[in-house]
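Undergrad: So you can see what is in the structure, the chains are spelled out below.
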Amino acid sequence: MAYITNQDIEDLSVGAALLGTGGGGDPYIGKLMARAALEKYGQVDLLPLDKVPDGMNLVACGAMGAPTILIEKMPSGDEIGLALRTYERRTGRKVDAIIPFEAGGINSMMPIMLAAEARLPVIDADGMGRAFPQLEMETFNVYGVPASPVALADEQGNAVIVETKDAAKAEFLARGVTIRMGGQSYLVNYGMDGATARRVSVPGTMSLAIGIGRTLREAAAGHRDPLDALISFFRTTHYETARVIASGKVVDVSRREQNGWSVGVVTIEPFDASRRPVTIQIQNENLIAEEDDKVLAIVPDLICVLEADTAMPITTERLRYGQRVNVLGIKVPPIMRTPEALDVFGPAAFGLKKPYAPLEA
Amino acid sequence: MRIGIDVGGTNTDAALMDGPVVLGACKSPTTSDVSSGIVAVLKQVLAMTGVPASAIRAVMIGTTHFTNAVVERKRLLEVAAVRLRLPATKALPPMTDWPRDLADTLGRHTFMVHGGNEFDGRQIAPLDEAEIVRIAGEIRRRGLRAASITSVFSPVTPDMELRAAEILRDIVPDLSISLSHEIGRVGFLERENASVMNASLADLSRKVVSSFRNALKELSIHAPFYISQNDGTLMVPDYVERYPVLTFASGPTNSMRGAATLAGEKDAMVIDIGGTTSDVGMLMNGFPRESAVAVDIGGVRTNFRMPDVLAVGLGGGSIVRDEGDRIGPDSVGYEITSRSLVFGGDTMTATDIVVAAGLEDIGDRSRVAHIPARTIEKALDTIHKLADSAVDRMKTSADPLPVILVGGGSILISRDLPSASKVIRPENAPVANAIGAAIAQVGGEIDRIFSLEGTSRDIVLGGAKDEASERALKAGAQEGTVKVIDIEEVPLAYLPGSATRIRVKAVGDLAVK
Numbered sequence: 001m002a003y004i005t006n007q008d009i010e011d012l013s014v015g016a017a018l019l020g021t022g023g024g025g026d027p028y029i030g031k032l033m034a035r036a037a038l039e040k041y042g043q044v045d046l047l048p049l050d051k052v053p054d055g056m057n058l059v060a061c062g063a064m065g066a067p068t069i070l071i072e073k074m075p076s077g078d079e080i081g082l083a084l085r086t087y088e089r090r091t092g093r094k095v096d097a098i099i100p101f102e103a104g105g106i107n108s109m110m111p112i113m114l115a116a117e118a119r120l121p122v123i124d125a126d127g128m129g130r131a132f133p134q135l136e137m138e139t140f141n142v143y144g145v146p147a148s149p150v151a152l153a154d155e156q157g158n159a160v161i162v163e164t165k166d167a168a169k170a171e172f173l174a175r176g177v178t179i180r181m182g183g184q185s186y187l188v189n190y191g192m193d194g195a196t197a198r199r200v201s202v203p204g205t206m207s208l209a210i211g212i213g214r215t216l217r218e219a220a221a222g223h224r225d226p227l228d229a230l231i232s233f234f235r236t237t238h239y240e241t242a243r244v245i246a247s248g249k250v251v252d253v254s255r256r257e258q259n260g261w262s263v264g265v266v267t268i269e270p271f272d273a274s275r276r277p278v279t280i281q282i283q284n285e286n287l288i289a290e291e292d293d294k295v296l297a298i299v300p301d302l303i304c305v306l307e308a309d310t311a312m313p314i315t316t317e318r319l320r321y322g323q324r325v326n327v328l329g330i331k332v333p334p335i336m337r338t339p340e341a342l343d344v345f346g347p348a349a350f351g352l353k354k355p356y357a358p359l360e361a
Numbered sequence: 001m002r003i004g005i006d007v008g009g010t011n012t013d014a015a016l017m018d019g020p021v022v023l024g025a026c027k028s029p030t031t032s033d034v035s036s037g038i039v040a041v042l043k044q045v046l047a048m049t050g051v052p053a054s055a056i057r058a059v060m061i062g063t064t065h066f067t068n069a070v071v072e073r074k075r076l077l078e079v080a081a082v083r084l085r086l087p088a089t090k091a092l093p094p095m096t097d098w099p100r101d102l103a104d105t106l107g108r109h110t111f112m113v114h115g116g117n118e119f120d121g122r123q124i125a126p127l128d129e130a131e132i133v134r135i136a137g138e139i140r141r142r143g144l145r146a147a148s149i150t151s152v153f154s155p156v157t158p159d160m161e162l163r164a165a166e167i168l169r170d171i172v173p174d175l176s177i178s179l180s181h182e183i184g185r186v187g188f189l190e191r192e193n194a195s196v197m198n199a200s201l202a203d204l205s206r207k208v209v210s211s212f213r214n215a216l217k218e219l220s221i222h223a224p225f226y227i228s229q230n231d232g233t234l235m236v237p238d239y240v241e242r243y244p245v246l247t248f249a250s251g252p253t254n255s256m257r258g259a260a261t262l263a264g265e266k267d268a269m270v271i272d273i274g275g276t277t278s279d280v281g282m283l284m285n286g287f288p289r290e291s292a293v294a295v296d297i298g299g300v301r302t303n304f305r306m307p308d309v310l311a312v313g314l315g316g317g318s319i320v321r322d323e324g325d326r327i328g329p330d331s332v333g334y335e336i337t338s339r340s341l342v343f344g345g346d347t348m349t350a351t352d353i354v355v356a357a358g359l360e361d362i363g364d365r366s367r368v369a370h371i372p373a374r375t376i377e378k379a380l381d382t383i384h385k386l387a388d389s390a391v392d393r394m395k396t397s398a399d400p401l402p403v404i405l406v407g408g409g410s411i412l413i414s415r416d417l418p419s420a421s422k423v424i425r426p427e428n429a430p431v432a433n434a435i436g437a438a439i440a441q442v443g444g445e446i447d448r449i450f451s452l453e454g455t456s457r458d459i460v461l462g463g464a465k466d467e468a469s470e471r472a473l474k475a476g477a478q479e480g481t482v483k484v485i486d487i488e489e490v491p492l493a494y495l496p497g498s499a500t501r502i503r504v505k506a507v508g509d510l511a512v513k
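If you read the sequences in order, they're chains A and B.
Each residue of the first sequence is one higher than the last, beginning at 1 in our numbering.
Each residue of the second sequence is one higher than the last, beginning at 1 in our numbering.
Only chain B is shown next, with the shape it has when bound in the complex (with noise of 0.2 Å):
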């Protein structure tokens, strides 16, 4: 048995799971130390189930601890940005383009150093060690606690990012240092971004860890535990310590994998309502797909795997104008319960609208006896519209696919969507996160450039497909499980023939023991 976790902003939900059936849920107020917010609710999930603590093989977290961190520039080191590879790139030094604010609390020391290599492979320069011992002096002098290592096409050699990590390790043995290759993707300034946020988050992540950790000896549960990554896959606590930032917006690929294994369902597309409003996205083998943009963290540019989701005007506090043509896109928000019909307000909501036309009952149900037959079915028809058009957006072909409603909104949704096969209504949707924690697999994945000088495409796809599953194996897939989902592969334009761009990702089962 496993029980997923996920700590919100708000609250932080558990779910206690056996194979896909979930046993018992429940949520709990997240606090400020988070442990004891953990602790609360996995007390409440084991009572409601009467599972002994000794029966959970593993634990899976899913956190938005450190995104807030950075949106609230709160609890983050200093770092010395250093970076290899000139006289490439010293056009943009480190930080370039960030929000004032943030490069003053991460203290803006950046450093840039001579060495590198090319998109394939080739030494252009070797690393200058000397500058790397000096910069070691530096962050000594300086008191920095921790660092960031980005060298350019890092994810196709990543040499002289491990060998300026053990430069500065002998030197300022305590110093916690991120590597860029093991962090992003091609794109060089956003990958040195995520690094450095990382750095800045090297003394939280252990604080983080190691509360998750004090929290399952508490209660007795001595399972491995993991914690999910944006992709949705899960990554060993060690890990997590070193690259906290992998776990930025991990909660809606896990909401929208918990929707999935609700509804059993590998390809749909998800509708998450909510009070203001409704996210699509859409499902392929069971991940989200990911967004092709540029990912904004706390004002910073990243390429982060998002998942891609389109967000739209349409919730349970919608306010209904034109007789029911015009839903939103303005809500009455969290004052729901305050200024819609049924809760005694005087503003018309979607929600007083499912009331009017007998669907739910929530609140007095008279306050709403008034409003016109017309329009309570020309305010139906326009919230279907709605939700049925933002699917049709989000899907990737005209092929009708089974559409999976979760939220506290969802009951806005009574009727059949034409660009839906089926829509499904899953138990136990508000804590599709923790379930989508509890199910996720471990994963492995490839994002780089290939030069295909004197090798050919066949080849240097199988090696990448190779490299890929290895990955997967190596954090923790069970052999024999892994299976390469997902495959990309863009020549690059403007250079016709030489190199091509392979993204490669594998995922497998967790091997519990």
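Chain A on its own, in the form it takes in the complex (with noise of 0.2 Å):
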């Protein structure tokens, strides 16, 4: 079984600001603490998807909250395992697994952290294939595994039980609790079993997160050209197909507040003067690229702005004129792309007039 090494957690801190498409916060701090993780309880199992034993108890887990807080009020490093504990004394069973449920940005790093400490494997899969904002948007809740019971604990060692009829309400409450937990808190949830998370999870996220970074990585010691190396990288998985769809300048960010929201646009002015210039909606994360009125890629397709130079992401409040930037249009595996999923995830769910139209090869 591979097992995830010191290299692979830096390459995934980057592979995962790259699958949170501007968003899903720095992994900067998660890096640190899934290294001292390793550090502190040995190595970590990695599990391919199709490895996983039918009758595995797996559960998913990750963190929610600002990341603005998480800079500052730092986790103890307990309490994803208090949220773990406190899971498993409400369904009176033992874990035996940890799924992400999501690989883009610092929650790629909290399920390492767990498994490290809680001494179980890492399944290689996630829910979300990316980042998404809130904890309905799950391949896992698309297909029917119930988001409840929800284990939320925070740093004092208080820990909440959220148990709902559906996941969009499980996201309402456990956000509530997330701010008078002071604004982070760190949950376990989604309960299933192998046999399920065979059948509803996004196979190889992990590995394709760390695989970005480490392809970023080698094209530099290479000096191989960053951009090729990643769509050449992207052809070879289940994404397949990763496609330039805009190449210039940044000409223009506009951010405003909207129900609490942080949402923006921000136009690309193509260095080949014959197109038009290219604009991209954001909330949180990017949602949808249009020339005029075409769409070049649409959430849940992926739309990641890299530096020109180096091909390495650049996060939604990094964004700013003058930057020259490649944007990358990633499709997602058909897991995320059926009617079921797009209901819950696809471009409605965002408020997007636009229908899904995925991305052409």
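Hints were generated in silico from the structure; no laboratory data involved.
Note that beta-carbon positions come from the ideal geometry of N, C-alpha and C, so glycine has one too.
Where hints are given, some of them may not hold.
Stated by the list, open to error - Using 25 Å as the maximum straight-line C-alpha spacing, the simulated DMTMM-like pairs for lysine to aspartate or glutamate come out as follows: (1) B/465 - B/489; (2) B/385 - A/269; (3) B/422 - A/252; (4) A/249 - B/488; (5) B/395 - A/269; (6) B/385 - A/272; (7) A/249 - B/104; (8) B/266 - B/392; (9) B/465 - A/317; (10) B/422 - B/377; (11) B/395 - A/252; (12) A/249 - B/381; (13) B/90 - B/131; (14) B/74 - B/104; (15) B/483 - B/458; (16) B/207 - B/218; (17) B/385 - A/252; (18) B/395 - B/489; (19) B/266 - A/252; (20) B/74 - B/238.
Unchecked claim - Pulled a few chain A residues facing chain B out of the computed Cβ check, cut under 10 Å: (21) 35; (22) 71; (23) 72; (24) 75; (25) 92; (26) 113; (27) 183.
Claimed, not checked - Covered by chain A, per the in silico footprint, the following chain B stretches (three or more residues, Cβ under 8 Å): (28) 89-98; (29) 394-401.
Reassemble the complex: the two chains are provided individually, in unrelated frames, and hints are given to aid placement.
TA: Following this line, the structure appears as structure tokens:
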């Protein structure tokens, strides 16, 4: 079985930021914590999804809250373990393995911390295949795994169980608890058995994120074009299609607050003067890229803004006028493109009027 | 009249100014005791202008001394790094992710204590005072002379840091204590890193400030003196003694602000062209636009307010290739006086091109007479394109702005730049640093997370503005001159409607008696 090395964690922090499609939080603190956990507890195994036995008792985990809080009130490191114990007590069953609920952004690191402490394997898969802002936006939910019970814990040793009829309500209540926990909580939910996990998860996303980081690192070391290397790498994965949908200069970044969310529009003027400017709408993550009225890529497909020289991902808060960027559209795997999936995290779920159109090859 | 001084690694510069007018400026080598270099340059500038020492009303000093000490791991004290608000933060103890040698130099004396607040100021647990008393005993036993105290959300609620300092000081009266809420903004690890580094500089800061004091005394300058901090505003000497870390990276800020004054522009782009690289930054309202990314100092991650500067490989020594199609990014650097063509070398540099074009007369012009006109034209074109694209990249909007050229390599730019409304080459550009120090204002800043529960956004924003202005006054600004120059409001992502992060900066003119 493969295990996660320190180098993997470095690579994962880059790949997870890319899968964050502009949001998901800076994985820096998560990276330091995952590294410390490996040092303290020893190695963590990464179990491929197709090797998960039918009867294995799995649970998903991650953090909820504002990255701005996390960078100030850093975790004690015990929160997520407490959430797991609370969950196990509630369900009366021992958990056998941890599955990430979000491979994009800082949540890629939490499962590694928990798995190290609990001496359990991490499943090489997740429920988002990228970053999404809400707990119900999971393939787990789409394909019938109940979001409840949700066990949330904070650094004070408080734990809360949320039980609701549907995932959206669980998200709503859990976020309220998170605010009362000081703006950041750590949670465990979406319990399922191995057979179910194989059916409802986006496979290979942890090794995908690690592979993205490794590809960029090796391209830089070998003085190869990082963007070409990245596109070739995606071709070898089940995401298959990654295509440059815009290449140019950021000429406008406008941000505003709307219902408490940070929304914005970034405009990119192509280097190719014959092309029209490209706009990307942002709501924490990048949602839709358009050239005039033509949709170039739309959620759930990934829209990743990369530095032109290094192909390193640029998070939404770091976007500014004058940056030279390549925008990479990446097609999500089929499990994320079904009508049921699009109902939960397709364009309409974000209030977009345009229908989903898969990224063309 | 004011004097601005810039103590750099190599040179100490001085500029004597009457209002916005530069009466005289000069350079002198920096000395290891700092003070004799300052005395030398001050004597020189007073002599060349004929201004008596008694006419000087204020002296402003910018220095890289403290940055260099950290980078070189020299003259640093061992530090007791005290952290409040366990159990939060326990996963990553102080000095996590520091270079090993620097953490060793500071002794790895780390202490973590219970107690603390949330982002909205609510108290989670009282400070464990008995634990602080025990730490004080440990500090005495280990013979430590400096300590840093960092509490979670102290930029919101500093009470626990203050109380812990009080207890430590009671038991170890001569301990130098750095409090994180005085130093940094939201971002715990970065703020703690800065506080620990600050504590390690406690001895050096007293020495350097007293050497500044002695230098002025020696020349019978009795005017008050101030030291510039990284955002281009001033600190009084007492404050620098306690918070030397705030001088980090004041150099680039002073240089850009000096350029603005020399050019008489408040909103402009600045290109500082050296031998190897050009640094391009943007001035908004007379202050440099600040970088949003973490700044690494001596291998340690910090969140200081540094100017956002883009370095591109264009300088006087940049190597010219492909018949002028390619310039740099490599340069002959300081070897320009032996390797470039006009100085008898065999490498074609950007400087050779401007001499060959007849734009400058440097070295032996006959040695570049053979360069074909097409190459010269092509190379000049490439140089201007490089500069123009760097300027365009650093602007925040497509509107053309004035471009101010400073630095020895500014001779490379002889034409208009498409991204610029005009190109300005001010006099005295080589001492822009010292001028930037001389014209500095005093400021106050707030950067904190505000809970919106039970209040409104407008009330919160108004309070933040008042508080920033009050801080500027407290720092020595003249009543009636304080203005809010920058407001940034970022609602907390993923926590809709609950809280917002607000940053307000106010500045005013120094109240000089």
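Undergrad: Using 10 Å as the Cβ threshold, decide whether residue 183 of chain A counts as touching chain B.
TA: Hint holds; residue 183 of chain A Cβ to chain B Cβ min 5 Å, cut 10 Å.
Undergrad: Holds or violated: the hint that residue 92 of chain A contacts chain B, with Cβ atoms closer than 10 Å.
TA: Violated - the Cβ of residue 92 of chain A stays beyond 10 Å from chain B, reaching only about 27 Å at its closest.
Undergrad: Quick check on residue 75 of chain A please, does its C-beta sit within 10 Å of some C-beta on chain B?
TA: The hint holds - residue 75 of chain A has a Cβ within 10 Å of chain B, the shortest such distance being about 5 Å.
Undergrad: Taken at face value, is the distance from the CA of residue 252 of chain A to the CA of residue 385 of chain B at most 25 Å?
TA: holds, 22 Å
Undergrad: Just to be careful, I want the Cα atoms of residue 483 of chain B and residue 458 of chain B compared with a cutoff of 25 Å; is the pair within it?
TA: Cα-Cα ~18 Å, so holds.
Undergrad: Regarding the pair residue 74 of chain B and residue 238 of chain B, is the alpha-carbon distance no greater than 25 Å?
TA: holds, 23 Å
Undergrad: Assess, step by step, whether the Cα of residue 465 of chain B is no farther than 25 Å from the Cα of residue 317 of chain A, and give holds or violated.
TA: Given pair residue 465 of chain B, residue 317 of chain A holds - Cα atoms ~23 Å apart, limit 25 Å.
Undergrad: Against the 25 Å threshold, does the CA-CA distance of residue 422 of chain B and residue 252 of chain A hold or violate the hint?
TA: holds, 23 Å
Undergrad: Taking a Cβ-Cβ distance under 8 Å as contact, does the region 89-98 of chain B have three or more residues in contact with chain A?
TA: It holds: at least three residues are needed, and the region 89-98 of chain B offers 6 whose Cβ sits within less than 8 Å of chain A.
Undergrad: Does the alpha-carbon distance linking residue 249 of chain A and residue 381 of chain B stay inside the 25 Å limit?
TA: Roughly 21 Å separates the two Cα atoms, so the pair holds.
Undergrad: Are residue 422 of chain B and residue 377 of chain B close enough, with their CA atoms no more than 25 Å apart?
TA: Satisfied, since the Cα-Cα distance of roughly 22 Å is no more than 25 Å.
Undergrad: Given the hinted pair residue 395 of chain B and residue 489 of chain B, is their Cα-Cα distance within 25 Å?
TA: Between residue 395 of chain B and residue 489 of chain B the Cα gap is close to 21 Å, so the pair holds against 25 Å.
Hint violations for this structure: numbers 7, 25, all remaining hints satisfied.
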